[in-house]
Amino acid sequence: MKTALYEEHLKLNGRMVDFAGWELPVMYSSIVEEHNATREKAGLFDVSHMGEILVQGEGAAAYISRLIPTRLSKLEPGKSMYSCLTNEQGGVIDDLFVYMVSDTEYYIVVNASTLERDLQWFKKHLAGGIILDDQSARTSKLDLQGPLSRKIAARAMGDSSLEELPRFHFCHRDYRGKRIKISQSGYTGEHGYEFYVGNDLAPLLWRDLMEAGAEYGIKAVGLGARDSLRLESCYSLYGHELNDGITPVEAGLGWIVSSQEDYIGRDVIDRQKREGAGRELVCFEVTGRGIPREGCRIDKESREIGISTSAGYSPTFKKGLGMALVETGSVSPGDGIEIIIRGNPVAARIAPRPFYKYNG
Amino acid sequence: MSSIPEGIKYTKDHEWARLEGDFVVTCGITDHAQEMLTDIVFVELPEKGDEVKQGQQIAVVESVKAVSDVYAPVGGRVVDVNMKLEDSPELLNSDPYGEGWIFKIEMSSKEELDELMDEKAYAEHLESGD
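Chains as they are written, first to last, in the working numbering: chain A, 1 to 360; chain B, 1 to 130.
Chain B with its partners taken away, still in its complex shape (with noise of 0.2 angstroms):
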């Protein structure tokens, strides 16, 4: 079974978000997507200040066979970049919730992060096998 740490969010896409301060929330891909990509070889990352709204294609991650768009968990502005990842884009397979952050978000709502799932809803979401 994939990890699912508690205390984050997810989105039916296989997103995490987490709160780490008021509005700011750091944003990667769920274990559970690392695990089906397998042998990510290259990130395409978003900018600082860019702005996007929630469920917008923001990231792009490619492992040797496929494509995977990666979607805003929530609404606001870009923050800040893993930088790292474009050099060692394995770290989203050794550490997805970890090393592996993809971006960091300063939310425009905070309704928004609240819409997303629990680590329970999101168990239940990998075992309906979307």
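Chain A extracted, bound-state conformation (with noise of 0.2 angstroms):
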């Protein structure tokens, strides 16, 4: 499948590649300089392979209550927070972003590759009066990250009020006729902003941000280094950090956990958080020589312990590191450990989460 911008993406040399049956760049030049863009100055995403489902009625709240382990109340109109799917067993089924609209509307975003399996969940869960409109093949997903990201998005708009949009609140605003929604989030660790917006306008809205960027130095920006800035920010990505085994609290995202709803999983997650779980994701970097990738098993003294599930280079940093998921307590932060990369042990280092602080 093709996004709305895929001809953006032609014009600006991006190499494609095929992600969860989408047609998106993995980088247009460098995903070395396109990272460094983004912490630096700004960078531009297409991330419109990403699922939007509405859910409206009544029931709204009580219906999402019920499929999250975070407390819903937390939320009022214009606000959005990070929570996830969780099945009987705890495990997660995808992690998604909620955005309340009004008492009787929620926007959920989801990723592209869990989004069918995500709507059979949420039909098979589906209460009374409850309606559900999966927007994702009309939406298209842009989104603006960097330091400079706040005078490029006023720009672009013509609104210098989204410079004050407090982080993972959102808005709606007028963009040639048509109403789109914008929310100040992100996947890369940088202040930024989230578009959606419908399929016909998104090249236009690129082209306006990228215009807008110029003189900021902004970059079109692939998945390449999408990964790698989400990796230096310990931000889960769903089949690596999280899937239907692994629960919110082994993946470390115990923050997450806040409801007192009777939540489908719940019994187990909150054993788990009060008790611990058997295995925890810790934070490593290399200290040796290598790479690390995901999929390499980790050893301390020799003894295995634990499994990467992410893990590259970190242009920032310039070295190796990643995320791992460890027996719980084998392990504490400026503990030497061994990644295997390749049959060989690599020296590396617990480090504390995250690598990258959040630089809004």
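It is worth saying that the hints were derived from the structure and are not from the lab. Take the hints with a grain of salt, since some may be wrong.
Stated by the list, open to error - Keeping only pairs whose Cα atoms sit at most 25 angstroms apart, straight-line, the calculated BS3-like set for lysine-lysine is:
| hint | chain 1 | residue 1 | chain 2 | residue 2 |
| --- | --- | --- | --- | --- |
| 1 | B | Lys84 | A | Lys319 |
| 2 | A | Lys178 | A | Lys41 |
| 3 | A | Lys151 | A | Lys79 |
| 4 | A | Lys318 | B | Lys84 |
| 5 | A | Lys79 | A | Lys357 |
| 6 | A | Lys300 | A | Lys319 |
Got two chains here, separate frames each, mind docking them using the hints?
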């Protein structure tokens, strides 16, 4: 499948790859350059492959509260939060963002690869009076991220109030006669905005943002740098740090477990939060020579303790780093470990989470 | 278009080999290979004295996103490796046929070098999209 911005990517010499059935650029010119542009100036990402589901109805809050471990009442209209869908075993079906539009309307943003499964789950647990509207196919999503994103968003939209939009707040704005959603949030560790726009206006918005950002050094950024940026910030990626068999507590997301409602999987998750889980997610940096990758065995004093869930070269810190799921209590920050790369143990050290603190 | 200098030999896996003396060839990866990888951040080098067969995996080149094996264009004994690449792997991007050379092999048989592609054949190989 192609996003509405496919032609824009070709014009910018995007190197197109298949990602969850979508043709998207892994990079345009260089992952390192695109990564650094986002950290230092601004980057623009096409993440239109992601799914958007509108949940409407009098009982919308109760319905969603049954599906996520996070207290929904912490939201108010115009605010969003990170959470996940959990199964009966406490495992994660998908991670997602919930935007509260009103008491009867919530906008849920999910991963592309899990959209169909999420929809089935939402339908399976459907409550009376709830209307689900899968808007994914007609919605494009553009992420503008980086320390200069405030200026660029304000200029492109002709609205300086966007500079003051607080984190995890969103608003609706008129863009070329249509109502679009703008959220102050992102997946890079930088201040930034996520734009939800109809496919018809997506190429215009892309060009307007690129043009407004030209003098600030904006770059189009592909999936490669999206991954290296989120890795430095230790944001989970579904299918890596999270899956059906990993609970939010194991994944280091205990902070999103706050609901007192009777949500699916609560008994397992509550018990783990109270008593601890068998595994925990830790961060490591390579001190020897080598680039760690996903799926590498982790040893401590030659005993296997776990496996890396995401890992790679960090353009910001100029070394290999990653996250790993290990036996709980087997390591603490500062401890030496070995990561097995192509059969050879390479020295690494447990690091505090995250590597890169939110730069907002 | 990527650069394909004359007078050196190429493999289908995008290594190059340049005869330096009677039996010693300097080897690296081609401009096309470095363009495909982009942002090379790590090189795993062979050791001097290693004996390799033609086509045997001898080094590893890693970019931010990808891991790529490098194969010996000819068989023989590794007589030199470019240690500069340990600290400056980006030389593979900036100067793949010069400063970015990876290793030197003393050939056991010159025939193996003759079997490799010349610049014309390699250009056709790239055009065929392989």
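Assess, step by step, whether the Cα of Lys79/A is no farther than 25 angstroms from the Cα of Lys357/A, and give holds or violated. Satisfied, since the Cα-Cα distance of roughly 22 angstroms is no more than 25 angstroms.
Do the alpha carbons of Lys318/A and Lys84/B lie within 25 angstroms of each other, as the hint requires? 17 angstroms, holds
Sort out whether Lys79/A lies within 25 angstroms of Lys151/A, counting only the CA atoms. Since the Cα atoms of Lys151/A and Lys79/A sit roughly 22 angstroms apart, the hinted pair holds (cutoff 25 angstroms).
Pairwise hint evaluation, Lys319/A against Lys84/B, where the allowed Cα distance is 25 angstroms at most: 17 angstroms, holds
Mind checking the alpha carbons of Lys178/A and Lys41/A for me, to see if they're no more than 25 angstroms apart? 28 angstroms, violated
Can you confirm whether the C-alpha distance between Lys300/A and Lys319/A stays at or below 25 angstroms? 20 angstroms, holds
Hint violations for this structure: number 2 only, all remaining hints satisfied.
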